[in-house]
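Student: Please put together the full structure from these sequences, using the hints given.
Number of protein chains: 2
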Amino acid sequence: MSIFRGLSAFPITPADPDGRIRPDDLGVLLERLVAAKVDSVGLLGSTGSYMYLAREERKRAVAAAAEVVRGRTPLIVGTGALRTDDAIRLAQDAEAAGADGLLVAPVSYTPLRDEEVFQNFRAVAGATGLPVCIYNNPTTTHFTFSDALIARLAAVPRIEAVKNPGLPAAEIGPKHEALAALVPAEFAVGYSGDWNASACLLAGGVAWYSVVGGILPEPTMKLAHAALAGDRAEVARLEAVFAPMWDIFKRASSFRAVHVIAGLLGLATVTPPRPILPPTPEEIAELERALERLAKV
Amino acid sequence: MSIFRGLSAFPITPADPDGRIRPDDLGVLLERLVAAKVDSVGLLGSTGSYMYLAREERKRAVAAAAEVVRGRTPLIVGTGALRTDDAIRLAQDAEAAGADGLLVAPVSYTPLRDEEVFQNFRAVAGATGLPVCIYNNPTTTHFTFSDALIARLAAVPRIEAVKNPGLPAAEIGPKHEALAALVPAEFAVGYSGDWNASACLLAGGVAWYSVVGGILPEPTMKLAHAALAGDRAEVARLEAVFAPMWDIFKRASSFRAVHVIAGLLGLATVTPPRPILPPTPEEIAELERALERLAKV
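Chains as they are written, first to last, in our numbering: chain A, 104 to 400; chain B, 104 to 400.
Heads up, a few of these hints could be off.
Here are the computed lysine to any residue pairs in the SDA-like style, where the Cα-Cα straight-line distance is at most 20 Å [what the hints assert, rightly or not]:
no., chain 1, residue 1, chain 2, residue 2
1, A, K399, A, A355
2, B, K162, B, A138
3, B, K353, A, P214
4, A, K278, A, R108
5, A, K353, B, R216
6, A, K353, B, D217
7, B, K278, B, T242
8, B, K353, A, H245
9, B, K353, A, E198
10, A, K325, A, W349
11, B, K353, A, L215
12, B, K353, A, F246
13, A, K325, A, V400
14, A, K353, B, E218
15, B, K353, A, R216
16, B, K325, B, R354
17, B, K162, B, P126
18, B, K353, A, T247
19, A, K353, B, H245
20, B, K162, A, A157
21, A, K140, A, R192
22, B, K325, B, A138
23, A, K325, A, A343
Heads up, incomplete: computed chain B residues facing chain A, CB under 8 Å, no partners named [stated by the list, open to error]:
no., residue
24, G122
25, L185
26, R186
27, P214
28, D217
29, E218
30, E219
31, V220
32, S356
33, L370
34, T374
35, P376
36, P378
Honestly, the hints are just simulated from the structure, not real lab data.
Yeah, the Cβ is synthetic: ideal placement off N, Cα and C, and Gly gets one too.
Tutor: Structure (structure tokens):
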């Protein structure tokens, strides 16, 4: 069974203002994920601030997570970097520290060409024995994969999945079908973008790479598995409860929001890495209301 | 006289494939810029791969450049980073190593809010005694400054200039006027984007932050100073000669192109940092033709 299926829950990475991670706080978050039986943990994703943490800290985070999780759920680790050689080293670090799979983003500063992204992925996928998921998130990496490039990458050994940005119900069907037609049946097409995720799973996506799942795993598991089971009535019921959370996620960004939620739940008092600031007081009040509503799922 | 005026020439930063800079090759490029009497050197800009080089290498590059330039032309150094604390350290490193001014970009992964960018700039501008130019380049930093935010930053001590993306002649006039009306008269509004730069200078811009100027300083000085002097006939004559270079810059990116030109001119054999690849053979042939044409300026 592929590790790139079901609900992949992305925790924040608790860290000091100077970027030194706090393994104990990370452990608290991870225990919640294991207890909720999420299908995998997505460590050091965009939610986990991977691009803001130094190599040593990223290594420490993987080692701490592997120690807490102890094989109870697969550990997928984000190892993207601007330079290919750094991306290779980070992948090897993650493998040595106990990762079960890699999530690799084509992080860019100078806009990248398709061939550059292809060569980068081939080099990283060849550097470890771990399965790789393509991290397709144009909002943060500023690279947009064509279906043709994903299909080309799907033929590279160990590249087994893609995490695509989610689309609304009205658009996802044909888009998912078009990609599915180009890749092998066992290639796992999953989605991120929490507010569109259930629609993407109903349309055939096999994984939800979830920000909210990293901090509120229980209600998120219910929504993910209702959608994976095709239970549209239950999905509709749950989406109505999640709706205020999606609203504030869109406005304040889910990244800023989940840092606040960790504090509101008393799990960890962490601020995002500067220059990122906490949401405004009005946004935090809105978050509190959305959180209250979700407590009743 | 502000250091943020006239032609600021941005050299590449020659480096090994593993990211270790080559001070001797850098020196060769810088001597050409000094000999051509460029108005400033823009070290470690996007053209100079700053985001792809480690802190130690960036420090070495500034020290090497300061040693070569020896005050003959102002040395403006790009010190942007994803984290505010890193940006502060890089600015302090640059000051200690001999920089005369800083070029600070709001580098982003998680999309940034205006207040975050403001706080980041205030922190960096307060960390050294050097004047700061705001590096506004949405294509690479993925943050777009409003005129209002630039005006707010212009009131912060030591923030003395902006490097805005250039616009075509038909659009730049009103855009330049609108910003100029919001900032103090001594605040230096300059432009990048080589193929629109002369139009921006004719419209009132006081600086051209130039990629081509970093590798072909002599013809670029002619174009820059014809435009600064308002000599439209000479600008039109020179733009016709530069036109094939702009075409290939747009298609292959000026960043990839100038790495090739350094080799074609026998100045330095360097490849961009992976994942960036050299242009295609067809693009290189086109570059050679554009270069030949510019030899006749």
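Student: Any hints from earlier that this structure breaks? Give me their numbers in increasing order, please.
Tutor: When the structure is compared with the hints, numbers 1, 2, 9, 16, 21, 28, 33, 34 turn out to be violated.
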